Amino acid sequence: MPEESTPLLEARDLVKRYGQVQALDEANFTAGEGEVTALIGDNGAGKSTLVKSLAGALRPDSGQILISGRPVTMSSPLDARAAGIETVYQDLALAPDLDAAANLHLGREIYWFRPLRILNKPEMRRRAVTAFADLGVELRDVSAPVASLSGGQRQSVAVARAVAYASKIIFMDEPTAALGVLQRERVLDNIRRVRDRGIAVVLISHNMPEVLSVADRVEVLRMGRRVARFRAADATVEQLVGAMTGALTTEEATVRSGNGDSAGENGNGDGKDAA
Amino acid sequence: MTGTRSDATVTPDDTSPPRSGLRLPGGREIGRRLFTANETWTILALVLIMAFFTVRAPNTFLTTNDLSLMAENTSPLLIMAVGQTFVILTAGIDLSVGSVLVLASVVSDEYFVHNGGGKGGWVIVLIGTVIGVASGAGWGTVQGFLVSKAKIPPLIATLGGFGAALGVSYLITGGQDLGAPPGPLADTIGLGSVAGVSWLIVISFVVTLVFGLILAHTRFGRYSYAIGSNPEAGRRAGVAVDRHLIKVYALAGALSGLAGLISLAFNNGTTLTGHTTDNLTVITGVVLGGASLFGGRGSMLGTFIGIFIPQVLNTGLQIIGLNEYWQQVAIGIVLVCAVYLDQFRRRLRERA
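Protein chains in written order, with the working numbering: chain L, 1 to 275; chain U, 1 to 352.
For the record, the hints were derived by calculation from the structure and aren't laboratory data. Keep in mind that a hint or two might mislead.
Simulated restraints on C-beta separations [said to hold, decoys possible]: (1) L/Phe113 to U/Tyr170: 44 to 50 Å; (2) U/Tyr170 to L/Ser62: 54 to 60 Å; (3) U/Thr64 to L/Ile118: 32 to 38 Å; (4) U/Gly175 to L/Val21: 57 to 63 Å; (5) U/Val130 to L/Phe113: 24 to 30 Å; (6) L/Trp112 to U/Thr54: 38 to 44 Å; (7) U/Gly160 to L/Asp79: 34 to 40 Å; (8) L/Tyr111 to U/Gly274: 38 to 44 Å; (9) U/Thr277 to L/Tyr111: 37 to 43 Å; (10) U/Gly274 to L/Ile118: 35 to 41 Å; (11) U/Leu67 to L/Ser150: 43 to 49 Å; (12) U/Gly274 to L/Trp112: 41 to 47 Å.
One-sided and incomplete, this derived list gives chain U residues near chain L with beta-carbon spacing under 10 Å [said to hold, decoys possible]: (13) Thr218; (14) Arg219; (15) Gly221; (16) Ala226; (17) Ile227; (18) Gly228; (19) Ala237; (20) Gly238; (21) Val239.
For clarity, every value in this text was computed on a predicted model and none was experimentally measured. For each residue, glycine too, the CB sits at the ideal point set by N, CA and C.
The whole structure should be built from the sequences, with the hints applied where relevant.
This is the structure:
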């Protein structure tokens, strides 16, 4: 598997402890460019902690994060952003009193006169319109405060912002949780479209059918460590649930026995599942 | 949202609700905006109050003389309200403004007294102004640190600052007002006018305009809104939230310092006891102007109008001869109503 030898994003043995709680227990994770990797697990399995660590919002106690095989330290979301990583958080992280265009450009304003930091609002609005149109997002007014938008539209604003700036990886934490059926489909379409641009999409979701329909690969987290990996095409909902609840384990042994990540654990996992 | 219609562009008189596509504001949209805009209600309130008093006292109220006197009296308050607007937009509050005004005027006048007193020239005035504004900015910076880094609630940090600044002023002066700022400040700025408009008015209006533009059109203003709206969103977007808060409190301090110079010019000396309720007056004005105490919403135009409402009410009630204590009652009621209206509009918008 030559394309697996240097994945775009790789986490090795991440550990994060909150007092008594071991949120991440030598967790591993891999995401490749141009593919959708679903990260699933029961509540408290450590998904959010893992994503926050990978997005620079949290510093793991130990472990390694590699981008294109090179170790990186991400001590702030800015570092992650500079590395081409964007995150759509579950709480969306929008400023409700600002309009969609302002939210899209928050922290990345476009200036009309840079020395005085005078904003170029028309240009930002234009780009926002383009960004939303690219995503096929329905937004009737990019200059209405985000607070006045529906849940789905707010979601779209957050997704559009991530898509507009991510050059390598997008993390999406439950991006469809608050959405209706149609909007959900549209977000999934967006995810595929982003993937087709060669970006690695990491999707956190509780919705198994959705995971199987959009993901290329699935990684399962349980009690702070990765316990299974699947090719979505080969996996069933029962298998995923089994892995989440601990009934099915495909890689515990491999990981326990040292840092042999490249030593064909993919083959191991996939082989078992395919069989 | 079935996406069957494709009204991607606007027809201003299109009254049916849009179904899909991008739509610029127009027609009914503008009406809705006007209805929900903060300033609309504030302007309406001011116009109603003015109309009432004009009808009740047609020959005395709303004369040019009366208006400019009102604007002169209000000029230090307006300048402080400009800074307060930024603070309130970030969901903070600055109770120290009146005391910082006093402190800055004391420090500046102390310099003036030791440098020729009333005989000082423009250079002295300029240096004294820099000293006053800088001491205000310094005081504000400390408060900004307390709020952003030490995580002390703004109410408490600036309440402490309020008491301490006044205390320091008393310590410097020994409780006696200092007098006689240099002639150019007391006479030209304090009493003079340019093209028929008092310098005090010109200065305070220009300050309002400049910072109004900064608020509406620069990154500094946008970050103030963003931080008040959702500081976490700002942080994740890479906004240096703490540093911005420090700057905002420093600005409020600096403008209070400038107001101190204005007050010095207007009163021909310091006024140690005259500013204990300035903070409340200023906050009242900003809130009447439509700024939300929860942060994220407000405008300089609103503040500009809002700060005049208590003054107009004061003057008007005086003219129609009502007991002066009613002024306080009326302003209190108006303030509570304004905040209630803000909540009401907020709910309305959130439901839309």
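Problem set entry | List of violated hint numbers, smallest to largest | none
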